[in-house]
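J.: Sequence:
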Amino acid sequence: MSLAPVDLLVIGLYLLASLFIGFWVSRKASENIQSYFLGGNRLPWYYLGLSNASGQFDISGTMWMVYLLFIYGLKSVYIPWLWPAFNQVFLMIFLSLWLRRSGVMTGAAWIRFRFGEGRGAELSHLVIVAFALLLVLGYLAYGFVGIGKFAAAFMPWQLSADTHTNEICYGLIFTAITAVYVVKGGMFGVVLTEVMQFVVMTIACIAIGLIAMFQVSPDMLAAAVPEGWFSMGVGHTLDLDWSGILESANRRIVEDGWSLFSVFFMLVLLKGVLQSLAGPAPNYDMQRILSARTPVEAAKMSGLVSVVLLFPRYMMITGLTVLALVFFTDELRAMGDGADFEQILPFALANYVPQGLLGLVMAGLLATFMSSFAATTNSAPAYVVNDIYKRYFNRDADQKTYVRMSYLVSILFVLLGTGIGLFAPSLSDIILWIVGALYGGYTAANILKWYWWRMNGFGYFYGMLAGIVAAVPLMFTDVSALYAFPALFALCIAACIGGSLLTEPDDMETLKAFYLKTRPWGFWAPVYESLKRDHPEIQRNPDCVRDLVNCAVGIVWHTALTAAPIFLVIQRWMEFSIALAVIALASGFLWKNWYRRLRSDPDAAIDIDEGTKPDVAGQRGSTTAG
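One point on numbering: in numbering that gives the first Met the number 0, the residue at position 593 of the sequence shown is 592, and numbering is uninterrupted.
Any given hint could be a false lead.
[As the list claims (entries may be wrong)] Subject to a maximum C-alpha distance of 30 Å in a straight line, what follows is the list of computed DSBU-like cross-link-like pairs (lysine-lysine):
1. LYS389 x LYS511
2. LYS389 x LYS399
3. LYS531 x LYS511
Please keep in mind that the hints were generated in silico from the structure rather than gathered at the bench.
Starting from the given sequences, assemble the full structure and let the hints guide the process.
T.: Structure follows, in structure tokens:
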């Protein structure tokens, strides 16, 4: 593939700008670990929202979603519920508020805030750190594999005659560049760079969508896909037959194991709702929430992610897919059983994006890797330095020491993640293990920690340990992590309840401090009654039903935001209009029933302007938060 000089210039300027931002903000980021990990809680919610959207807009996931849309058509909008994609809805409705009220720095520190300082809390703290670091390594390996495939297919210089070696070389190069600005800039560098990256990506996405609309007519697309490709309906079976068009697509559907689509749909919906109720995993998403200035700003940040992420991203995904469906199917057919659907993205860009614009598009796609890799890398030292080194080895070191340790930890995890990526089988395998097995083992313990007062540190530890121990072997078997989820969830629930009921409850003072500050709904009656004696004015959280109704409407809203850009690019105007109408109605409902009722302090009057006032909830009881 030949790049014009202007394309190389755009890519070079983008990479230099990313490095410049990291070094430019390094002095501000290195003031203390609060600045390094959370940006000193001074970053506006809209910057954090754009940054979070950019961090979730990764190249590896984009390649996978192009494959999904190619094979499964409009039904593919449900498959990302495996993550679950709609977890941002639950965060914006109530969980971001609860989480940010803690005032802590990391997910592990939140565990101490919830369970106190006893033996059970100590074990819980250690197991969540282990889970978080395992998750970081998984995501770093996933990012490394994606950028290697992308760069080897696009960049004009062949660093090795062997394709796999070439992918590794480019993966190492771009990993190193990204690591530099993350290590130097901390959260300030990550957020500011990702805002720039988001602008670049959005332009690239819109450009690819428009190119596809001009290149591929509705009739051309209809002739290239099987019957049922345009349907979002959920029947008992998938009802997609690629026979006579692309036999390897039928084989991939069988290998994925999603032919009984109604069963798949119910499982991903159930799993998605449960995982969303558990709250964010201890990764970059949680870091953005904890970095917000107030709980209200954390909630608004989570809501912004869906609005700004889905439309441009799916314009790119759909544009690449329809170009490949019409123009690349012959090449895929010629590959026979070895058809590599992850080559769809390189093919479409190499052949259908004009010179000049290609450099911007490639810079945008490089941004998708760099942003997600950066956000993940930044979360690793938060756990190692703040939750291990500072807590157990050097509690009274000066701030510069902690920041320098963060540099070293970031570099170490980049190296480890890269090493794992060298041996990873494929993008799809890594994705399905992370979202199916690893997140599946996380779900039970993290639901109960929010909604059941009797869940103690021992219960949390045994539930998380059972999940991790059960998840790791699934990486080396042919058992579907999705279909194993109900059994995995039941095992972890039993471990949580058994571990909690067979040990003493957590200290009531710890539970009261948590409930007073966070105010979750759920089964908290004994704690509430105890608090009532000291604080007669305290009120329960009455919003359970309203929050769950808002979440249900939010899932429909999120799905319409996903489907609308697909209908736009494939020029299905009636369906596009219906999707826009659903978005408008759901947005109006959420404005009235969610946004207008946001409040940072659970005891404050309902007032969305409170998001600009001092963070009362974040200040009260900050010593308890650890």
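J.: Now, for every hint given, state plainly whether the structure supports it.
T.: Evaluated hints:
no.: 1; hint: LYS389 x LYS511; verdict: holds, 27 Å
no.: 2; hint: LYS389 x LYS399; verdict: holds, 12 Å
no.: 3; hint: LYS531 x LYS511; verdict: holds, 10 Å
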